[in-house]
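S.K.: Okay, here's what each chain looks like letter by letter:
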Amino acid sequence: MNEDATRTTIDRRTMLGLLAGSGLGLLVGCSSDGSEAGAPARRLACDDVTGAFEATPGLVAIGTRYRELHPDDDPADAGADLPAGDLADALRAQVRADFDAGRTVDVDGWVLARTEARVAALLATC
Amino acid sequence: MIVDARELADGTELRADVCIVGSGPAGVTLALELQGSGLDVLVLEAGGLEFEQESQDLYEVDMTGELFGAEGSPVPVSATRLRYLGGTSGHWAGYCRPLRPVDLEPRPEHGRPGWPIEFDEIDRHYPRALEILELGPNRFDHAFWDDHADIGPTVVNDDAVETVVYQVSPTQFGTRYRDELDAAGDIRVVLHANVTGIVPAESGRTVERLDVATRTGRRHTAVARRYVVATGGIETARLLLVSAPERGGVGNDHDLVGRGFCEHGQNTLGIATFSPTVDDLRAYRRADVPGPDGSGRDGTISVQGALLLGDEALRREGLLGIEAQFLALSLDEAPPGAVSGPTLADAGDLLRSFDRGGPGAMAGFSVTAEQAPNPSSRITLTDEVDALGLPRAALNWVVSDDDRRSIVRGLEIMGARLGAAGAGRLQVTAGSLQPSGEGGLLGRFEVDPSKADPTGFHLAHANHHCCTVPMSADPSSGVCDPDLKVWGFEDLHVAGSGAFTSAGVTSPTISIVALSVRLAAHLREALA
Numbered sequence: 001m002n003e004d005a006t007r008t009t010i011d012r013r014t015m016l017g018l019l020a021g022s023g024l025g026l027l028v029g030c031s032s033d034g035s036e037a038g039a040p041a042r043r044l045a046c047d048d049v050t051g052a053f054e055a056t057p058g059l060v061a062i063g064t065r066y067r068e069l070h071p072d073d074d075p076a077d078a079g080a081d082l083p084a085g086d087l088a089d090a091l092r093a094q095v096r097a098d099f100d101a102g103r104t105v106d107v108d109g110w111v112l113a114r115t116e117a118r119v120a121a122l123l124a125t126c
Numbered sequence: 001m002i003v004d005a006r007e008l009a010d011g012t013e014l015r016a017d018v019c020i021v022g023s024g025p026a027g028v029t030l031a032l033e034l035q036g037s038g039l040d041v042l043v044l045e046a047g048g049l050e051f052e053q054e055s056q057d058l059y060e061v062d063m064t065g066e067l068f069g070a071e072g073s074p075v076p077v078s079a080t081r082l083r084y085l086g087g088t089s090g091h092w093a094g095y096c097r098p099l100r101p102v103d104l105e106p107r108p109e110h111g112r113p114g115w116p117i118e119f120d121e122i123d124r125h126y127p128r129a130l131e132i133l134e135l136g137p138n139r140f141d142h143a144f145w146d147d148h149a150d151i152g153p154t155v156v157n158d159d160a161v162e163t164v165v166y167q168v169s170p171t172q173f174g175t176r177y178r179d180e181l182d183a184a185g186d187i188r189v190v191l192h193a194n195v196t197g198i199v200p201a202e203s204g205r206t207v208e209r210l211d212v213a214t215r216t217g218r219r220h221t222a223v224a225r226r227y228v229v230a231t232g233g234i235e236t237a238r239l240l241l242v243s244a245p246e247r248g249g250v251g252n253d254h255d256l257v258g259r260g261f262c263e264h265g266q267n268t269l270g271i272a273t274f275s276p277t278v279d280d281l282r283a284y285r286r287a288d289v290p291g292p293d294g295s296g297r298d299g300t301i302s303v304q305g306a307l308l309l310g311d312e313a314l315r316r317e318g319l320l321g322i323e324a325q326f327l328a329l330s331l332d333e334a335p336p337g338a339v340s341g342p343t344l345a346d347a348g349d350l351l352r353s354f355d356r357g358g359p360g361a362m363a364g365f366s367v368t369a370e371q372a373p374n375p376s377s378r379i380t381l382t383d384e385v386d387a388l389g390l391p392r393a394a395l396n397w398v399v400s401d402d403d404r405r406s407i408v409r410g411l412e413i414m415g416a417r418l419g420a421a422g423a424g425r426l427q428v429t430a431g432s433l434q435p436s437g438e439g440g441l442l443g444r445f446e447v448d449p450s451k452a453d454p455t456g457f458h459l460a461h462a463n464h465h466c467c468t469v470p471m472s473a474d475p476s477s478g479v480c481d482p483d484l485k486v487w488g489f490e491d492l493h494v495a496g497s498g499a500f501t502s503a504g505v506t507s508p509t510i511s512i513v514a515l516s517v518r519l520a521a522h523l524r525e526a527l528a
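Residue numbers (our numbering), protein chains in the order written: chain A, 1 to 126; chain B, 1 to 528.
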């Protein structure tokens with residue numbers, strides 16, 4: 001088999017993160033509150049997410065269902081690891097990083113990034 | 001030349017250096033590759049030049065376990081095979097992609113043994129197999145075909161989930177190679193020659209003869225220096241089991257003939273919404289492109305991309321192979337309705353909020369999956385006999401919970417990589433995609449998450465009957481040795497997908513042909 005020169009190579013750390021979850025809904029790679037040790041954990045509020053994203057019917061539907069299926073998760077923790085700067089951009093980057101590291105959740109079979117599910121859950125209740 | 005067993009004098013003894021039973025891709029390839037070697041080749045084909053229902057009826061199989069066909073619409077096993085010149089290549093789809101090294105590795109957590117040969121033992125014969133199949137160069141990576149013919153970008157292509165490209169050519173061996181077989185001075189194809197038994201010599205280590213019967217009542221025999229049974233994964237096992245009943249079958253000292261039957265389970269097990277447009281996903285639709293250096297049939301090759309779970313994911317998580325083609329790729333037709341839970345349209349809002357935008361396309365994930373060889377998934381014989389007096393085969397196809405869990409996990413990884421690429425979202429619908437109403441292909445379904453069943457979802461068949469007489473490193477774990485010689489025999493070989501140690505996840509025909517090219521080289525040397 002010939003190598004495909006255009007294929008993306010995933011670094012070892014990302015691969016280990018991706019593969020660490022043996023099933024959806026298993027959250028990995030963070031402390032219990034999602035924050036780095038010693039750093040102040042940021043909690044997202046309604047004003048944060050409604051200022052960054054429109055509460056479309058689709059996001060509200062997803063967020064509502066996520067809350068039903070994962071009642072013990074605190075969606076406000078989506079802000080725990082965010083860097084300073086534009087919130088929407090930071091959340092988009094974190095969504096991508098979640099997928100890259102295998103931090104996915106199961107919402108009726110949908111493979112979603114933990115962060116996007118949490119943002120949708122916040123939008124559903126604001 | 002091509003002759004008819006019905007026209008030979010009753011009791012004819014057919015003699016040759018190599019006697020091949022079956023004229024499907026394995027048998028025809030072997031015969032063609034032995035042409036000009038100085039060896040006389042005899043091919044015994046049970047059917048005629050064209051389809052005959054009476055011949056086909058001899059293929060009837062009792063089916064238990066998983067049923068072939070769509071859910072609720074079982075397909076008889078006999079319909080998945082063809083019994084005439086060219087064999088099942090008379091109705092195959094033509095999708096070709098070689099096995100990969102990872103497919104040959106052991107996967108002990110699933111009970112999958114490793115192949116007893118190095119990958120190079122097959123790989124070096126793929127170029128010739130591609131010629132026989134009227135295909136192009138031994139390249140199945142997206143970069144090559146996109147450079148060659150601008151087939152379009154990938155949606156995902158990394159170490160965890162690769163985009164691979166199938167070459168597609170449904171070469172019908174009976175049509176394509178009939179004239180060449182007929183013209184060959186050293187190949188005799190005998191039609192309507194049903195082999196009813198392999199008769200071992202007194203020593204038990206060689207074959208004394210094959211018994212041959214026609215449906216018109218003639219009885220012949222065939223005697224050769226080497227015999228090759230190439231009648232497909234089911235019939236090869238059946239012939240070994242019905243032969244020498246006093247010793248429990250031929251090559252069956254360890255009760256392994258027929259065990260470990262593998263198929264490739266297929267079903268639409270996910271739906272996806274994509275940021276890229278339908279046109280940007282054209283690499284995943286079948287397209288005709290010029291064959292590199294004039295290769296292909298009439299200088300043209302059909303290609304189609306698919307997502308394949310990559311080697312790293314397979315090895316690190318100990319998964320079985322899985323690939324997905326995009327079904328009904330469009331944005332125009334009505335998407336599946338959702339009984340409850342988020343819909344494709346809802347997921348489209350995720351793309352608009354967090355990704356490149358869109359949605360630009362949607363599709364079903366048409367999955368093909370490997371299963372691990374399982375001793376209880378097997379071919380046996382029934383008490384009922386066919387028109388020639390041979391016990392019919394029974395197939396108990398078993399797909400384990402473990403096989404299905406591996407599929408679901410593979411889809412989860414595909415979904416995560418789709419999201420990481422910012423290209424879309426995948427819903428794993430294993431069992432929850434239910435037929436409903438009218439509309440486009442996807443619109444005829446609805447998703448009912450309450451019906452999701454990660455260990456019980458339906459898998460249809462792919463017409464790939466593998467691993468029933470598997471190659472192994474020792475007689476206690478398989479039926480034939482690495483040279484495809486039946487353990488315990490000096491002159492009896494098997495060919496075809498039945499000899500695969502495990503099935504991999506790709507369509508088997510190209511590997512069947514490559515292994516026949518390899519076997520021909522072995523026989524040339526052994527009989528020189």
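Heads up, a few of these hints could be off.
[Claimed, not checked] Here are the simulated distance ranges between beta carbons: (1) Pro-375(B) <-> Thr-125(A): 35 to 41 Å; (2) Pro-292(B) <-> Ala-88(A): 18 to 24 Å; (3) Leu-69(A) <-> Arg-297(B): 32 to 38 Å; (4) Pro-375(B) <-> Asp-72(A): 39 to 45 Å; (5) Ser-330(B) <-> Cys-46(A): 35 to 41 Å; (6) Cys-46(A) <-> Thr-455(B): 39 to 45 Å; (7) Lys-451(B) <-> Glu-54(A): 53 to 59 Å; (8) Arg-356(B) <-> Pro-57(A): 16 to 22 Å; (9) Gly-69(B) <-> Pro-57(A): 37 to 43 Å; (10) Asp-72(A) <-> Gly-111(B): 46 to 52 Å.
Derived from the structure by calculation, the hints contain no laboratory data.
Positions of the beta carbon are idealized from the N, C-alpha and C atoms, including for glycine.
S.K.: Using the Cβ atoms, figure out if Asp-72(A) sits within 46 to 52 Å of Gly-111(B).
M.R.: violated, 37 Å
S.K.: Lying within 32 to 38 Å: is that true of the beta-carbon distance Leu-69(A) to Arg-297(B)?
M.R.: Roughly 51 Å apart at Cβ, these two residues miss the hinted range, so it is violated.
S.K.: Kindly confirm whether 53 to 59 Å is satisfied by the beta carbon distance between Lys-451(B) and Glu-54(A).
M.R.: violated, 32 Å
S.K.: Check the following: the C-beta atoms of Ser-330(B) and Cys-46(A) are separated by a distance inside 35 to 41 Å.
M.R.: With a Cβ separation near 37 Å, Ser-330(B) and Cys-46(A) satisfy 35 to 41 Å, so the hint holds.
S.K.: For Cys-46(A) and Thr-455(B), compare the CB-CB distance with the range 39 to 45 Å and indicate the outcome.
M.R.: For Cys-46(A) and Thr-455(B) the Cβ distance comes to about 40 Å; the hint holds.
S.K.: Between the beta carbons of Arg-356(B) and Pro-57(A), is the distance compatible with 16 to 22 Å?
M.R.: holds, 21 Å
S.K.: So the hint says 39 to 45 Å: do the beta-carbon atoms of Pro-375(B) and Asp-72(A) match that?
M.R.: This hint holds: roughly 43 Å between Cβ atoms.
S.K.: Between Pro-292(B) and Ala-88(A), does the C-beta distance stay in 18 to 24 Å?
M.R.: At roughly 46 Å between Cβ atoms, Ala-88(A) and Pro-292(B) fall outside 18 to 24 Å, so the hint is violated.
S.K.: Just tell me: holds or violated, for the beta carbon distance of Gly-69(B) and Pro-57(A) against 37 to 43 Å?
M.R.: Distance hint for Gly-69(B), Pro-57(A) holds at roughly 39 Å.
S.K.: For Pro-375(B) and Thr-125(A), compare the CB-CB distance with the range 35 to 41 Å and indicate the outcome.
M.R.: Cβ of Pro-375(B) to Cβ of Thr-125(A): about 53 Å, so the range 35 to 41 Å is violated.
This entry does not satisfy hints 1, 2, 3, 7, 10, going by the numbered hints stated previously.
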